[in-house]
Each structure stands twice: as C-alpha cells, then as structure tokens.
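Enquirer: In case you want the letters, here they are:
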Amino acid sequence: MEAVQNASKKSAFSDYRVRLSCIFMGLGQLFCRQFIKGALLMLLEIGFILFLVFAGVENIIGLFTLGTTEGVPIMGIEGDNSVSMLAWGITTVVLVLLFALAYYANIKDVVYTVGEIEKGNRVKNFFESCQTLLNKKFYFLTLTLPLVFVCIFNVMPIVFTALVAFTDYGGEIVPPKLVSWTGFQSFRVIFTMSEYIGTMGKILAWNVLWAVGSTFLVYFGGLGLALLYNAKCLKWKRFWRVFPMFAYAIPSFITLTGFYFMFCDSGPIVGLLKDWGWVKENFTIISYDSKWSLRLLGFFCCAWVGVPSVMFLATGILSNASKDMYEAARLDGANAFQQFRYLTLPFVLFATTPVIISTFINQFNNFSIFYFLRPETVYAPGYFNANSSDLLINWMYNLTVENRLYSLGSALSLILFAFMALFSLVAYVTSPAYKKEDTYR
Amino acid sequence: MTKKIHIRPEKAVKTALVYLLVLIVSFLFAFPCIWLVLSAFNAEGDLLTLEGFFPQEYSFDTFRRLFTETNKYTYWRWFGNTFFVAAVSCIISTFLVIAVAYTISRYRFKSRKAMMKATLILGIFPNFMNMTALFVIMTQLHLINNLWGLILLYSSGATMGFLVQKGFFDTIPGTIYDAATLDGASDFRVFISITLPLSKPMIVYTALTSFVWPWADFMLPSMLLVDKSSWTVAVGLNSLDDSEFSIFAAGSMFVAVPIIALYVALSKYLIQGGSAGAVKE
Amino acid sequence: MKKSKLFCVGLALTFAALTLAACGERTGGGTFTYEELMAKFEGDIEQNAVIRVLDNQMAIETGHLQEVLDAFNEAYKAYNVNAVDANMDQYVDLEQNGPDGYGPDVLYQANDMLMRYAEGGHILPLPTEQLDTAEIPETVMDVYKLETYGLDLYYGMPVAQQSTVLTYRKDLLPANWEAEWDDNQNGVPDMVETMNGLYAYSKQVKEASGGSKYGLYMSLVDQYFNSGYLLSFGAYVFGDTHDDIGLAADGAEVGLNLFRDLAGVLGSTCISQNATTQIATYLTNAAGTAFCTIGTPDWLTTFRENLTETYVRGGMTEEEAEAAAEENLVVVAPPRLPKDGDITKELSDMEEETFAPTTMGGVNAFGISSYTKYPKASLAFVKFVSEYENLKWRSEALGAVPARTDLAEELGGVSEILSERVSAGLVYMMPSSRDTQYIWDPLSSLFNDVATDNTTRETPVYTTAESLKGALDKLVSDIRSAMAVGDIS
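Protein chains in written order, with our numbering: chain W, 6 to 446; chain R, 151 to 431; chain D, 216 to 704.
Only chain W is shown next, with the shape it has when bound in the complex (with noise of 0.2 angstroms):
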C-alpha cells in the first residue's frame, strides 16, 4: 500500500500507462503486457458504452421525467410505464456507480502494476491473478454472488421505495398514468391531514409499547423458561424441552390462526366464559372495537409464539457458563436467588445483547400478529385506514396493499426506517459485544 502511495504522490500520472487507462479501461493493461486482462477491462468499457448508448442514457433520463408519453390501453397503444422507468433509472445509476468503481479499480490497478515495473519485478500474468483471487481476494469471490443478490433484493426496492415517497404514485395515478416526482408533498400530507398525523400519533404510542413490553415479555419468559428446564432436579429433560419445541416449529401463520379461531366470538374460550358464567353475555375478546382484549391477547400470542427460540437459544448460552463460578459463588454461602441475580443475569445479559437488540425490532415491526388476530380490515373511529391493534407496518400495509396509496405508505415507511435505523445502531454501536469483537480471537 506504502509503495504505491509513494509511486502516486511521485509519478503515478505522469506514467504513460496510467494517462492511457485513465482515458480508456484497459490500455495501461495492454501496454504493461498483460493482454488479457487489458482486453478483457476493454470489453468492458466497450459493453458499457454501447450499453448506454442504447438503454443507459434513455433509462437516466427517464429517471428524472417518470415518462412522456401517456398510454391507451384500450387502442393497445403502449406508452411509458412511469413505474418500470423508475425501477430501470435507479437499475442504471447504480450500474454506472458500479462502473465508475471498477473504473477506479482499474486504475488503482495500473498505478500498482507500473510501481513494480519500475522496481524491476516481474509482471504477474492473468493466471497469476486469478490465483491471487482464489487466495489473498477469496473474500472477493464469496462476496460477489450475495452482494449482487443483496442489491437486487434488498437494496434496491427499499431506494425504489424511498424514490416513490417523492412521487404521486398511488390511488389514481397507476400506470398507464404518468407517476410525476412531487417532492415532500406525501410527507406534508402525513403531517398535515388530521386524519394521518392523529392516527400515526396513536399507533406510534401503541407500537414503542407493544415493542418495549412483547420485548420484556419474550425475553425474560425465554429466560426464565431456560432457567426452569436446566434445574437440576428436573429429570427428562429432552422430554419437557420437546413442548416448547412445537411452538418453536409451528409456522407462525398457523398458530396464530388457530389462536383467532380459539379466541373468536363462535370459539370455544369465550364460549366456555359465558358457559360457566365467569363473564357478561357481551364478552368478546376479538371484536370491531376492542382494543386491550385483542392487544393483551396479541402479547400472549407474542409470548407462545417468541418464547421458546429466546429459550433455546438462553439454554445454549447456560450450558456455555462455567460451572466452577457456580461453585466459587455457592461455598461463599450465595443463595439461588443470589447467584441468578449476580452471576446468571450478568452474564447471560452480556452474551444476549444483540439478542435484544433483534427481538426488539422484531418486535417492532411483527406484521404478522395482528394481521391473523384481527382477519377484518375494519377501521376503528378515531383511526384512518387503521384499527386500534394496529402497529405501524399494519398501517403501512392497510394504506398500501388495502388502499393503494402507495406514496403515503412510502413515505410511512421511509419515517419509520429512520426512526428504527437509529435507535439499533445506537444500540449495537454501544453494545459491549460489539465494541470487544477482536478480543476473542
């Protein structure tokens, strides 16, 4: 690295070579001998040229126009699609940031190769550089496939997303309709509307408690679960582990289905309530307007369906804690309730701080509970597009999936995401299994 930063301050530009790959990808390759990986750099720019010339441009500034030409469907005229020209732009910006990079690279590439010409080493040729991938650049090939995977699944909607938060897409405006950028009208609209900013007040007060207490309430049941089946008096332990096993490996669609039908007004426990006439004849746990009934059974559900992987993974996690310590701290005359206070807790919080951290934004953004508690999209008074159970994603989804508003959902969502990014760097930042990642090895 030194060397080759003494080279560039020196000379690096002024090499002949590195002048001709910095015009054209490749040249400096071709004129340091190393033919094919210069032709291959070159067939690359090349690709990419005719790439733009015959897509690239058109996709970039459709980006910015979101099209011109507004379609008939019913003469089979085709217009522009506004929404694929969106996806299309970001597509090629990307794919010129990426070529920019290996523009970079290429050049880096050339500095480096002419820094050890000039110390009179020999020029590696281009099965030596492939050797050096499968060795000191190994990370280079495991890398490639996922990362690619990653910006395409992962990365890119969630830019399409933020884009589309600055557009009018949604409700009448869908292809064949022209989607044009509005800048932060969604925002404005979120902000200002009665309707919108009341209910996200609501729901957002909702959703931070239904994290902090689903969080609480996993967790310390995962604990304490773990903590009861490693007793030492307990026998069979595989046995009892097992049931706990099922709620681990039921699919979550289908448990809590059977919890609405268990719960539901025809079901069995609010039939069996009224049967024995522990409760009104109007009791009802699901209903239109219940609120606490289905938001406490949304935290039992939580509790059965997020319980045993806390568990488990708190078993792995005691079966790992030194027995000695236990010892130490017994002979030194501490009771149960001593060493769990002061030796467990400690240790297992320390170990499972990151586990948090996941539960907690699990927990956040659990989608699924309230969608199958609460089958109905029916909105509560006081509420828009939303019910009283609702969190945060659920809006999301009633006003996009329901309602189509696709760029207030966007938009939504772009809130949420900063309000979420935030708060878990923070954590994990601060968190003391990341700052003593390196002390372990």
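Watch out, some of these pointers could steer you wrong.
[Unchecked claim] Quick list of the computed label-pair ranges, beta carbon to beta carbon:
#, chain 1, residue 1, chain 2, residue 2, range
1, R, S261, W, F131, 21 to 29 angstroms
2, R, I241, W, G52, 25 to 33 angstroms
3, R, N221, D, E535, 24 to 32 angstroms
4, R, Q206, W, V431, 50 to 58 angstroms
5, W, L55, D, D367, 44 to 52 angstroms
[Stated by the list, open to error] Just so you have them, the derived chain W footprint on chain D, three or more residues with Cβ under 8 angstroms:
#, region
6, 248-261
7, 480-486
8, 649-659
9, 662-668
The hints are simulated quantities; they were obtained by calculation from the structure and are not laboratory data.
Using N, Cα and C, we set each Cβ at its ideal position, and we do this for glycine too.
Following the hints, complete the assembly by docking chains R and D onto the known chain W.
Expert: Just chains R and D now, with coordinates in the frame of chain W:
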C-alpha cells in the same frame, strides 16, 4: 452426608415446584397444538360444532375432502410448491450464508465494518415493508408467479442474517488457520478441509432455519403468486373461508409435523448453533 | 475533501434532474372515433389464441366454468381457440397485474369493480351492436356506460343481477304459524313479510333456545346488504357530483336506528364479515341453527346442496332429499320495513304501516382486459356466454339472476322477484365509479360500530337520533377524506 438429610424437605418442595411449573408450561404449549389436531378430525368441519373445546364426532372426512375436492383445494400442488421453494432456498441460502459469514469473520478488508453496519440497517427493513417496490421489481424481472423469484428473495434475505454464523466462525481460533496457511494450503482449501468440518452444528442450524423460513412464510408468496397453480400451502390455507376451519387444521398438520420432527431430531444443533452465533455476534 | 466533492456532484446532478424533469413534455393519448376504438374486434378470430377467463369462486367450484370453457373451445374448434380458467383469486387486481401481462383476458366482476377498471382504461369498450343486449333493461345497461372521447361506450356485457333477498326454511316455521304469525291472513308468514315480524320472531327463537339458535342470521357488518336500511329511508350514495355524498341524508338515522335494533337481537356472533361464511352451515344443518338469512339470490344453490346433504345424512334417499330441499328453501323479497322505523313494536295494519325496502344492487358482467393479446377471441367468448341458452345454463347452474328480462320471466322464482324489484325501482344500483371503492370500508366500520353498540359495548353511545346522525356525518366525512387522499396520492 448428614447435612443432606437436613435440606431434604426444602429440596422436595423445590422439586415439586419445578415439576409443577414444568407441567403448566408444557400444558400451555401442548394444548393449542392438540386442539388444532383434534379439530382437524371434526366430522362437521365447522368451528361452531365444537362441544366446548372438542369435536362432538370424529372422522377422516376433512382429509378426504382436502385431497379429493380438487376444484377447491389443490393441496398436493401447494405442498409440492412449498417443498420445492423451501428445499432449493435452503441449499442456496446455506451455501451463501456460510460463505459470507466465513469471509467476514476470517478476512480483514476495507469495507468490512461498513458492510456489517449496512447489513444491520438493511435487516431492520424487512422485505415485505417494500411490498410495492418488490412487486414492481419482480414484474420487471418476470418473476411473478415464478417460484424461482421466491427462492431468490429468500436466499438473499437469508444472507442478510449472516451475523449469527459469523459469530460462530469468530470462535474458531485463528491459530488453526495460520498453521494450515503456513503449510501452503490455499484459502479455499483451508475453508473446505478445516472450517467446514469444524462447523457442522452451525451448518445444520443454518440449513434448518433457512428451510423453515420459506416453508412457513405467508407474506411474500401471497404477494408474488397470482396464479393459483403456483400457490404455496400458506397462501392456499389462508384463502379458505372461516367456515372451513377443519380443512385449515388438517392442511396445517402436513406443514407442521415435518418441521416439528426435524426440530426435535436436530434440537441439539439448534441449541448449540443459535447460541454459538448469538453470544459473540 | 472527498465528501464535499461528492456533495457538489450530487447537488449538480439534482439541478440537472430538476431541469430535465421540467423539460419532459407530456403527451396524452389523443382522441379516437368509435370505429377506431372497435377496429380491434374486426375480422376473423385469432388462430391458436389462449384466453384466460376469470370467473367467480362458485362457477369454479361447481365445475360450471370448466364446462362452459369446454363448450366454447368445442364451438370454436376451427380457430383452435383455447379458453382456460385464469386460475387466480376471484378479486385479483387487474390494475396491478394487467399492465405486466399477468391479469386475465376476460373477467367476470361486479359493476363497481369493472367500471373502476374502465375509468383507468384497463378494460375495453365493447361493440354493443354485436352483442345481444335488446332484452336487458336500460337501467342495467346504463350501469356499464361511460363517456369516453365524447362517446357513450359500454364496458361490460351484463349477465347477472345482484341484490338482496330473504331465504328461509319452510320446515322450520312454527307449526302454528298460520294462526300466530299471519296477522293479515295473506298466507305469507309475518316473519318473512315484515321486519317487525322477523324481529319479534328472532327474539323469540333466541330466548327459547338460550342463544344457540337464530331467527335471522346474517353478517351485521356487511356493507352491501345492510346499506339498504339507510337507502330505504332516504339516503343515497352520490348525488349529481361526487362531492354530494348522501349517506347521511335526512331520515337515514331512522334506518340506522332500525339496524341498531336488529343488531341487538342478532347478537355479537353476527358482527363479523366472516359471519357470512357461516350462513350456509347454519341455515342448512340438521339442528336448524338459523331460520332465515338475507343475502344474494345465488346463495340458494349452495343452500340446496348443503340441505340435501343434511337430509341424506338424516336418512333420506338422494332423490327425496333433493326434492325436500327444493321444497323447504323459500326465497322471498326482503321484508317490508315500518314507516316510522320502529321494528320493535307490533304492527296493527301491515299495509298501512310498512313499505317495500330499497336495497343495494349491482350488475355482474363480463369484461375484456385492455391488455389481452386476443381481443377477437375474447369477444367471441363474451358473445358465447351471453347467448340466451348459455345464460340460462349459467342461471340454472349457479342460481344467478339473469340480467335479461325475458330469461328472468322464463326462470321465475328468485329471478322474477328480483327482476320485478328492479323494474319497480327498489334496487339502488351501486354507482359505477372509481369513487365507490371509498365507501365500503367506512360503511363497514359504521355498521360494526353501531352493531357493537347494541351488543357487546359496555356503555352504548348511539341511543339518540342525534348521536346516530353524528355517526352518519362521520361516515360521510371519512369517505370524503378517503376520496381526498386518493386524489392527492
């Protein structure tokens, strides 16, 4: 020895308490499952015909209907689709996740930390939060109604969860690698001949979790599979009316039982794998 | 240093973008004549066309659709046309799937759905001169009319009418009904003739059975069936413009109060969209859980099948059971409502004190997707299914009430009842407009709210006419907000 006799009554109470708690917990977890299974054998097929919790009359009629009334339920088709998606995603995901986790754990390169942070941020933005975007992208790629579209989504989604596996690889001491590298083995060889055998529990864990996600997922398929012939079990079962509760329960059994069996059989790996990764994520 | 450079480049790009976006001149589609619009239907049917037909769940489950497809393919063998079941969810969104080629070619939907697509340009205007529409009443045809390029174009071929009717089990009538439940001695049981009778009977059944049986059983939150109570007392959906939402018009609160009373006697198990899915079971099970229901006429087919099964299980032969099921399931017009809206009182003079209710109605039709590659073959299919004989076939197989008056007369029964109600102006056709989509969710929420008020709510709030009026005003403002947001977005 004499001391022990002293503690005994106290200990007996404690033991009894533990067993009582364990019994309660086991009941809480087992009961809904048993209820669901029994409902599947309900002769009338409707939630409201239950007597208290349990059916008045048992029969195999629901299963007969599920498998023979192909105008309504193409169950084996759904099941085949689900299995295909889950199995292929499992193979691809496992491969990718292990490769990525190993790389990130073993190598130090410039954008490494940035990548980990980016993963973390992307991870809090689950795919279906971008449903509209995803739908548009999938239409552009002609992957609507296409099981491969789902497979790609699951694979890339699973890759995002590599931090657990990375945590595990971090626990393999670096000295092992150094020795092998000194012997002149290439990094690829080191990975194949040293790392992989050492990480069997982790691989089992990865394969299992990446099989179960597509197997049990509802949101993505319900969005991307328009054509009924490409439906998975989750989509199919959720399209049923409420009055077909028994059919739902019966259909669920074939989805849940294999997973339970797998989990129980592999519980050792599950416990080891999950915690190994979590401790030093 | 580097970062600020990047920032500058970004800024420059943004400006460039803004300029570019401003430059983008946009052109609309222009305007077309009728001949131009219909040109795609001219000439011979495409060879080897594959058309995907989306029909409702019932047509698929009964196997009717497959039979029709086979018959069509046979009839058009010369062109090697292959019509297939689109195999999609009944409510698949053409707007979302059509442009990308994943939608159906021919689709069977209600008018609010089809006309929403028509407004968006997703379905084709049909060459009505080629279709047999002479026997379809103008009110029905108008539902599919939309002005496009200054022309009155029709976007669907009406096949079936939907509105509400009452279906009851004759064998569940109390043995002494002629003495006890026929005050006006006209041979029609009071509980299926007036809402007051039905209310009283439901109450009696419920009390006698300890809540396990119902007189009337139906979903209390079904926007479509229950909006009739509002419409009967003077409400309307849209006036001359869509700014004029008339669901809170004077008198509507009387209807809403009537609904609230009804909800009180039906109970909380009916407060769920899903209550609808239980109806067939309740009405036809051996226990006779429900005596009657209010719903669409095509349910009758399912009811008959189920009741036959129940009878067979009870020991009858297949034939006896079928005959008995046909005999015992009776369809009548929806019960008359009291003029003062009080269903809890006993009527002294039925004719004088009640009136025939208005109900929400709709027309189901076949439409052709704009994105089809085979417009001619699709049109051929639409023509095929709208032939008299085939319409009759459909009506008989699915219990659908035909849109054609001559066919309705021939079929009699439900079809005739409904047809008469349409001609008497007692069926309020749901508006064929995109904006109609915004009324359903708020309406459902309103019915939920009011029904809950008289069943499970601790302290009821809708006990006065003013509060009910307030609920209706809120309904209108909710619809208005939804429409406004839909416009902005």
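Enquirer: Quick check: the region 649-659 of chain D, covered by chain W? Criterion 3+ residues, Cβ under 8 angstroms.
Expert: holds (count 4)
Enquirer: Could you tell me whether the CB distance from Q206/R to V431/W stays inside 50 to 58 angstroms?
Expert: This hint holds: roughly 57 angstroms between Cβ atoms.
Enquirer: Please check whether I241/R and G52/W have a Cβ separation lying inside 25 to 33 angstroms.
Expert: holds (32 angstroms)
Enquirer: So is the region 248-261 of chain D in contact with chain W by the C-beta rule, three or more residues under 8 angstroms, or is the coverage claim wrong?
Expert: holds (count 3)
Enquirer: Is the distance from the Cβ of L55/W to the Cβ of D367/D consistent with 44 to 52 angstroms?
Expert: With a Cβ separation near 51 angstroms, L55/W and D367/D satisfy 44 to 52 angstroms, so the hint holds.
Enquirer: Does the hinted range 21 to 29 angstroms hold for S261/R and F131/W at CB?
Expert: holds (26 angstroms)
Enquirer: Quick check: the region 662-668 of chain D, covered by chain W? Criterion 3+ residues, Cβ under 8 angstroms.
Expert: The restraint on the region 662-668 of chain D holds, since 4 of its residues have a Cβ under 8 angstroms from chain W and three suffice.
Enquirer: Within 24 to 32 angstroms or not, the Cβ separation of N221/R and E535/D?
Expert: The hinted range 24 to 32 angstroms holds for N221/R and E535/D, with Cβ atoms some 26 angstroms apart.
Enquirer: Taking beta carbons only, do three or more residues of the region 480-486 of chain D come closer than 8 angstroms to chain W?
Expert: holds (count 3)
Checked against the numbered hints listed earlier, the structure breaks none of them; every hint is satisfied.
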